[in-house]
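Residue numbers (the working numbering), protein chains in the order written: chain A, 1 to 307; chain B, 1001 to 1315; chain C, 2001 to 2253.
It should be emphasised that the hints constitute simulated quantities derived from the structure, not laboratory data. It cannot be assumed that every hint is accurate.
[Said to hold, decoys possible] Result set (EDC-like, lysine to aspartate or glutamate): computed pairs, CA atoms no more than 20 Å apart in a straight line:
no.: 1; chain 1: A; residue 1: LYS262; chain 2: A; residue 2: ASP275
no.: 2; chain 1: B; residue 1: LYS1157; chain 2: B; residue 2: ASP1034
no.: 3; chain 1: A; residue 1: LYS262; chain 2: B; residue 2: GLU1135
no.: 4; chain 1: C; residue 1: LYS2195; chain 2: C; residue 2: GLU2232
no.: 5; chain 1: A; residue 1: LYS262; chain 2: B; residue 2: ASP1034
no.: 6; chain 1: C; residue 1: LYS2166; chain 2: C; residue 2: ASP2208
no.: 7; chain 1: B; residue 1: LYS1157; chain 2: A; residue 2: GLU90
no.: 8; chain 1: B; residue 1: LYS1300; chain 2: A; residue 2: ASP275
no.: 9; chain 1: B; residue 1: LYS1157; chain 2: A; residue 2: ASP95
no.: 10; chain 1: C; residue 1: LYS2195; chain 2: C; residue 2: ASP2022
no.: 11; chain 1: C; residue 1: LYS2166; chain 2: C; residue 2: GLU2182
[Said to hold, decoys possible] Okay, the calculated bits of chain A under chain B, using three or more residues with CB under 8 Å as the criterion:
no.: 12; segment: 109-117
no.: 13; segment: 130-139
no.: 14; segment: 225-238
no.: 15; segment: 291-298
[Said to hold, decoys possible] Here are a few chain B residues that sit away from chain C, every Cβ distance over 10 Å (derived from the structure):
no.: 16; residue: TYR1136
no.: 17; residue: LEU1180
no.: 18; residue: GLY1186
no.: 19; residue: GLU1274
no.: 20; residue: ALA1299
In this text, all values refer to a predicted model and were calculated from it rather than measured experimentally. Backbone N, C-alpha and C define an ideal beta-carbon position, used for all residues, glycine too.
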Amino acid sequence: MTLFLVLEQGLNGLQFGVMLFLMAAGLTLVFGIMNLVNLAHGSLYMVGAYLATMFVQLTGAFVLAVVLALAGTLLVGVVVELVALRTLYERDHLDQVLATFGLILFFNELIAILWGRAALYSSLPAWLSGHIQVLPGVRYPVYRALVILVGLAVAALLWVVVSRTRLGMLIRAGASNRTMVAALGVNIRLLYTVVFGFGAALAGLAGLMAGPIYAVQPGMGEQILIQVFVVIVIGGIGSIRGALVGSVIVGMVDTLGRAFLKPMLATFLSPSAADTAGPALASMLIYMLMAAVLAFRPQGLFPARGI
Amino acid sequence: MGSPTRVVVLGLGLLLLAGVPPAAAVFNQPFYVDLFRRVMIFAIAALSLDLILGYGGMVSFGHAAYLGVGAYAVGVLMHHGIHNGFVQWTLAVVASTLVALAIGAVSIRTSGVYFIMITLAFTQMLYYLGISVEEYGGDDGMRLATRSQFPGLMDLKNPTVFYYLVLGVLLMFLYIGHRLVNARFGMVIRAAKSNEPRARAIGFSLYRYKLTAFAIAGAMCGVAGALLVNQTEYLTPEFMHWTRSGEIMFMVILGGMGTLVGPIIGAAVFLLLEDVLSAWTVHWQIILGPFLILVVLFAKRGLFGLLPGAASRNG
Amino acid sequence: MAEPLLAIRGLTKSFGGLRATDGVDLDVLEGETRAIIGPNGAGKTTLIGQLAGDLRPDAGAIRFAGRDVTRLGTPVRSRLGLARSFQITSIFRNFSALDNVALAVQAHSGHSFRFWRPAHAERALREPARAVLESVGLGARADVLAANLAHGEQRQLEIAMALAAKPRLLLLDEPVAGMGLEESQRMVRFLGAFKGRVTIVLVEHDMDVVFSLADRISVMVYGRIIATGTPEEVRGNEQVRKAYLGEDAALAC
């Protein structure tokens, strides 16, 4: 277990955390402001990944493909909001869960029809395929470093929007008291669509960035979605700050756990026991963390609404 | 359950189910024994979910976890050479009760959106656990050596015997559920769903009752899991996949939640629909998705719920 | 003098920068009927919330029936004899009126880990419930779905549920809210019949109700109790007049 390995995994953890954050930020706002449980958020992530892969193949130009994929996901998100989700705002959580579950089934199957069930792999352009020196003697893939930077930039942008702009003020107010914001005469429908669109764009961004790193296949959205839920539960619903802290914690714990738990266990367990227990425990780590946080703070670390 | 219409429908339904094996023998279609047995197994799972969802208002999106725990209890013991059904199924019940208590203890202190996400997360955790343990097949799963053995009592290898066993378990749980929801315990759970602050204000400490209901539902679903793995003779972590939870929940809603009988109908309609649609196209889920959305938006009371019911029907 | 049934000391609760209750001290003797009045925003709802157990105070203590209940949850307080009605009618809408009251009886009749016998068959629950319903005048409506009761009847049902627990203290949050004149007067007569037998703390805006029922009145302004006394004493109190009664045209008498 060299220092290099730890640093590399640490950066991977940060990269994963950043992607979780992009998903979590949109989802937590939708939970907090519209009180909508949207299981189909992962589908937008998947749409982003597939659109990016498709546009890269069609145009051959990576940057153009990214822009198109982002725009495409935003469009899909807004259409879904206008057509399917509007009716759900007034419904109870059970209805929302089931209806968005139906959306997941629909999207997964649609993607399977269009692109098949086999995993696709996006290729990276040459200028993103290399490694860079992040520290003396430490090399890290350019692409992953870029993902981290983009993610942090978005986090900073979100911070600016939420704390410095009028829209951000409405968002913070809405997250802490939805009825009050409506009573103040704000165009709630428009605010909801904007917030949802924002979330969809962020999910699409996460998806298109994920393409070259993870497998692009139907159902990929749900795998990450559930980890995003863990982030939100830990961070607290409705809170961007909670989403950021939660994402970094979950990203780090999961990545470092998967990398180092088995070797750590192997120091005092038999190799075969460590072989089984290692991956098994590593996959459970973030959920145990969630349970631990809940035991002390059932509302999460930074809930937007007071107790 | 109440009204005459509903009782008649229930009676007819049960007669129909009882008549499947002889009818299948007459028409030489043994496949239907298999199919309806699968329906009944999922009916048990859906019924157990109805207890906490339809009557208790607890939106647990992680119910498939107990299906998996029950199945794995049987499968793991089988793998290690213990074929005795009594031992296996007892472990299935004990294990799923303990897991339900553990998950419930943490989740029930939360509510609303948190509860849904947490139950979903824990189920996924169990799924990943199942995948990562290579000894029991990992994500490919593994074949069972045989069905659970009940030496001297019955032979589950006989499809008809197994069928009637499942029917018997379903009837037993239906009756138990009926007594439960009308007893003091059931009244507390239903009151909690109806108006939780009010239930607290009149003096019910709800946590203990909800946790107990959660454990009972988990135990029942664990039995369904033991039955399921015997049905398929194949153990797979897919039993615990969160989409399975969604399907079971859909069955409850489709049939009519808060009725106990509704979930049975829901399981039947769902699985029969799945059977028909998947023969027609491999992409049947693209129809199922929107169908689910439509049911939720327009037919929330479900099929059994549409039948005229007793005026004081709750839930 | 005997220990008060309800003793509140230094009760403080803030929301953000706002001090909703600011060091409230209050003693209610057993058998007394105490009204708490005050302008909107005075903190009455927050006070009731803390008494009932919905809100945790930031500081201070509440003693009920000789016990410190400050850290106890709502259900436990209810079982100790503190019953409440809600400002906005809160009943079990999809149960019958009788079921509603029977549930209240059940909560105070031992535990509910009974899984087999139908609750409807338990006469020990049904008969007291029926009796309470009769006493509030809803006897004929016992089998009606609570959601189908008239608004006034639902308020009566609220009181019935509180009474079914044979409470030592009745905490009533605006019991006649939304009632017409006749209904209010009926409610006042009904509550009056309990005076002395049950300790009552009521929050109310309707001054007729307050002056008919209350033995003593506590006036709350900006989170503090500024005066406590008999209706005459309070009517004559200069501070109270200025802060509250003075604005109220209905009191120009």
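We went through each hint and held it up to the structure:
1. A/LYS262 - A/ASP275: holds (7 Å)
2. B/LYS1157 - B/ASP1034: holds (12 Å)
3. A/LYS262 - B/GLU1135: Distance of about 16 Å is within 20 Å: holds.
4. C/LYS2195 - C/GLU2232: Given that 20 Å is the threshold and the Cα spacing comes to 19 Å, the pair holds.
5. A/LYS262 - B/ASP1034: violated (43 Å)
6. C/LYS2166 - C/ASP2208: At roughly 27 Å apart (the allowed maximum being 20 Å), C/ASP2208 and C/LYS2166 break the hint.
7. B/LYS1157 - A/GLU90: violated (51 Å)
8. B/LYS1300 - A/ASP275: Measuring from Cα to Cα gives roughly 48 Å; hence the hint is violated.
9. B/LYS1157 - A/ASP95: violated (41 Å)
10. C/LYS2195 - C/ASP2022: The given pair, whose Cα atoms are some 30 Å apart, is violated under the 20 Å limit.
11. C/LYS2166 - C/GLU2182: violated (27 Å)
12. 109-117: Answer holds; 4 residues pass the 8 Å Cβ test.
13. 130-139: violated (count 0)
14. 225-238: holds (count 6)
15. 291-298: holds (count 4)
16. TYR1136: holds (35 Å)
17. LEU1180: Since the minimum Cβ distance to chain C is about 5 Å, B/LEU1180 lies within 10 Å and the statement is violated.
18. GLY1186: violated (8 Å)
19. GLU1274: With a cut-off of 10 Å, B/GLU1274 remains clear of chain C, as the shortest Cβ separation is near 33 Å.
20. ALA1299: holds (19 Å)
Hint compliance for this structure: hints 5, 6, 7, 8, 9, 10, 11, 13, 17, 18 are not met, and every other hint is.
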